[in-house]
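Participant: Each chain is listed here by its residues.
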Amino acid sequence: MSGRRIFARPARFAAIAPYVWMVLFFLVPFGFVLKISLSQTAIAQPPYEPLFDPTAGWEALKAAFAALSIDNFKLLASDDLYVFAYVRSLTVAATATALLLLIGYPIAYGMARLPRRWQAVAMVLVIVPFWTSFLIRIYAWINILQHDGLLNQILLALHLVSRPVVWLSTDTAMYIGIVYSYLPFMILPLYATLAKMEPVLEEAASDLGAPPWQVFWLVTFPLSLPGVGAGVLLCFIPIVGEFVIPDLLAGSNSLMIGQTLWLEFFTNKDWPVASAAAIVLLVVLLVPLLLYERLQKRQLEQGR
Amino acid sequence: MRKLSRLSRFNIASLAMGLAFLYLPIIILVIYSFNASRLVTVWGGWSLRWYHEFFNDRAMIEAAWMSLRVAVSSATIATLLGTLTAVALSRGEAFRGRTLFSGMLYAPLVMPEVITGLSLLLLFVALNAERGFWTVTIAHTTLTMCFVAVVVQSRLGSLDRSLEEAAMDLGCNPLRAFLAVTLPLIAPAIVAGWMLAFTLSLDDLVIASFTTGPGSATLPIRIYSEVRLGVKPEINAICTLVIGLIAVIIVIASLASKLSSSQGESAAPL
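Quick mapping for you: the protein sequence lines, in order, are chains R and L.
Counting in the numbering used here, the first sequence runs from 4 upward without gaps.
Counting in the numbering used here, the second sequence runs from 1022 upward without gaps.
The hints are simulated quantities; they were obtained by calculation from the structure and are not laboratory data.
Beta carbons: idealized from backbone N, C-alpha and C, even for Gly.
Any given hint might turn out to be false.
Simulated coverage check for chain R against chain L, where a stretch passes if three residues somewhere in it have a Cβ under 8 angstroms from a Cβ of chain L [to be verified]: (1) 18 to 24; (2) 34 to 41; (3) 65 to 75; (4) 161 to 172; (5) 222 to 235.
Pulled from the structure, derived: some chain R residues nowhere near chain L, Cβ distances all over 12 angstroms [unchecked claim]: (6) P50; (7) V86; (8) V90; (9) T98; (10) W134; (11) G152; (12) T175; (13) A213; (14) Q217; (15) L251; (16) G254; (17) N256; (18) S257.
Not the full set, but computed from the structure, chain R residues with beta-carbon under 7 angstroms of chain L [as the list claims (entries may be wrong)]: (19) A14; (20) L93; (21) L128.
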């Protein structure tokens, strides 16, 4: 009896409930986002039109279809505010991901070189902050970075600065917040590939006369590329749509797309434009999302 | 001790600095929650004043209660659905739409929360559902069941299949083999998955903001609106309480995964 077929048929039935759930609450909602992104804002409840009312008959439905338009997307493309927001989101995400890789790699490398027993401890230590609330971790940094916060007190006490430095509401604060929040997502996949690497490969390279930096660039780094890819995607995709961190730590003069979407939705009550912004964001992220899915699938399902 | 000698000074330094970077802000936050002074930056001696303040803040308590209820119910539903998903994906034969299924499953893990939140809200509005406890619970279940599925799936993948086969060879039907052999083996991963779902739900601000209705704010929503107005010692106290609760959960989860790793490979790195 092949191991693969075990439970095969009953296990298929196990998929029914979660499948229905995901279609209903993950896939179908995107249909609504798409539909409302093609609608117009209205002062009504819900604040958009046309409304599709299946009971109103075929003619009404046809009229509703005819009223759909791509005006919101034209607005997004023509208004600098949105264009800048998309560009800024991608720039911030790319910069932050590069920083995360630079900071996360040495940490993951150090972890992978610890004795086995200590590796498990280090891994728990890296995971624990991930379990701690996102919002709380950002709040912790506001404590430190505010005008008379700990960082300025230390800098003043050490006479490194003569006046308190403005940290909050700057891009620096935002990058600190992003790197802080996403660091475990970068370290864990890197560590997973680095820990699996055979130490003999590095030893062979150095026995053959390669200096340490060459061993790293020619052997270690290329072999860790799958981990680099996973870590980069795991950080880049959510950072592009990030809302909380730029909202609380960055200044308000340039917004990321997550913030504009939030603003359109909650402050301006412009649901159609917010939906159009979400659709564009989704399209921008489609390629990295598909790459990530392939990676995740290969990793989890190769053992079948 | 060949392994130890591979550890360079650079390795140790980067590890130490990395861990300090991860932990110092949280430690500072906890210490300042016991500060007697109203000014967050002036140390006025140890005090429980801000905890007292929190327990007298009705709106905060209500929000905390709402968050706990949502977290427990959504984590429970998510664990059920996530475990079924993991079993179907790692044991079931190919079925129509399997690619779509696993696609829908892995996308929410990285999908920006503003998109997930907005899309669910539009669904609830279209269905004319009253927004509040149930809509937030459904939204959180949708997000967290994917995490549960990944955790359980990686445990199922590392399981020795011959145990299940032996049970079937000895005359168990598939369901019985699953209940008697597989389920006990993956139980620690299921527990860890529940814990993860619980903390993710307790933590979420963006999706809850979209899907909740007036008058039913969760704890992160209330904390967020306070934080926007500036640092308040009371918030430090609430955050410390949440950290404490999560610490207890981590201890339970790590005990569970210890149980799991003593029976084989350790569970997912989440």
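Participant: Indicate, hint by hint, whether the structure satisfies it.
Facilitator: Quick rundown of the hints versus the structure:
A stretch counts as covered by a chain when three or more of its residues have a beta carbon under 8 angstroms from one of that chain; for the stretch 18 to 24 of chain R and chain L the count is 5, and the coverage holds. With 3 residues bearing a CB less than 8 angstroms from a CB of chain L, the stretch 34 to 41 of chain R meets the requirement of three and the coverage assertion stands. Under the rule that three or more residues need a Cβ within less than 8 angstroms of chain L, the assignment of the stretch 65 to 75 of chain R is violated, with 0 such residues. Only when three residues or more bring their CB closer than 8 angstroms to a CB of chain L does the claim for the stretch 161 to 172 of chain R stand; here the count is 0, and the claim is violated.
Chain L is given as covering the stretch 222 to 235 of chain R, and this is violated because 0 residues of the stretch bring a CB closer than 8 angstroms to a CB of that chain, at least three being needed. A Cβ of chain L approaches the Cβ of P50 of chain R within 12 angstroms, the least distance being about 10 angstroms, so the stated non-interface status is violated. Its beta-carbon lying about 18 angstroms from the closest one in chain L, V86 of chain R satisfies the requirement of being farther than 12 angstroms from that chain. Listed as outside the interface, V90 of chain R is consistent with that label: its C-beta sits roughly 16 angstroms from the nearest C-beta of chain L, beyond the 12 angstroms cut-off.
With a least CB separation of 17 angstroms from chain L, T98 of chain R remains clear of the 12 angstroms interface cut-off, as annotated. Distance check on W134 of chain R: its Cβ comes as close as 5 angstroms (rounded) to a Cβ of chain L, failing to clear the 12 angstroms threshold; non-interface status is violated. G152 of chain R, annotated as away from the interface, has a beta carbon of chain L within 12 angstroms; the closest lies near 6 angstroms. At roughly 15 angstroms, the least C-beta separation between T175 of chain R and chain L is larger than 12 angstroms, which holds for a residue marked as non-interface.
Listed as a non-interface residue, A213 of chain R keeps its Cβ farther than 12 angstroms from every Cβ of chain L; the least gap is roughly 16 angstroms. No Cβ of chain L comes within 12 angstroms of the Cβ of Q217 of chain R; the nearest lies about 16 angstroms off, and the non-interface call holds. Interface exclusion of L251 of chain R from chain L breaks down, the closest Cβ pair being 6 angstroms apart, not more than 12 angstroms. Separation of G254 of chain R from chain L is adequate, the least Cβ-Cβ distance of about 14 angstroms exceeding the 12 angstroms criterion.
The non-interface label for N256 of chain R is consistent with chain L: the shortest C-beta to C-beta separation is roughly 17 angstroms, beyond 12 angstroms. Distance to chain L confirms S257 of chain R as a non-interface residue, since its nearest Cβ pair spans about 17 angstroms, more than 12 angstroms. Look at A14 of chain R: its Cβ gets to within about 3 angstroms of chain L, closer than 7 angstroms, so that hint holds up. The criterion of a C-beta within 7 angstroms of any C-beta in chain L is not met by L93 of chain R, whose closest approach is roughly 13 angstroms, and the hint is violated.
Evaluation of the L128 of chain R hint against chain L yields a held restraint, the C-beta minimum of about 6 angstroms falling below 7 angstroms.
Consistency with the previously given hints fails for numbers 3, 4, 5, 6, 10, 11, 15 and 20, ordered from lowest to highest.
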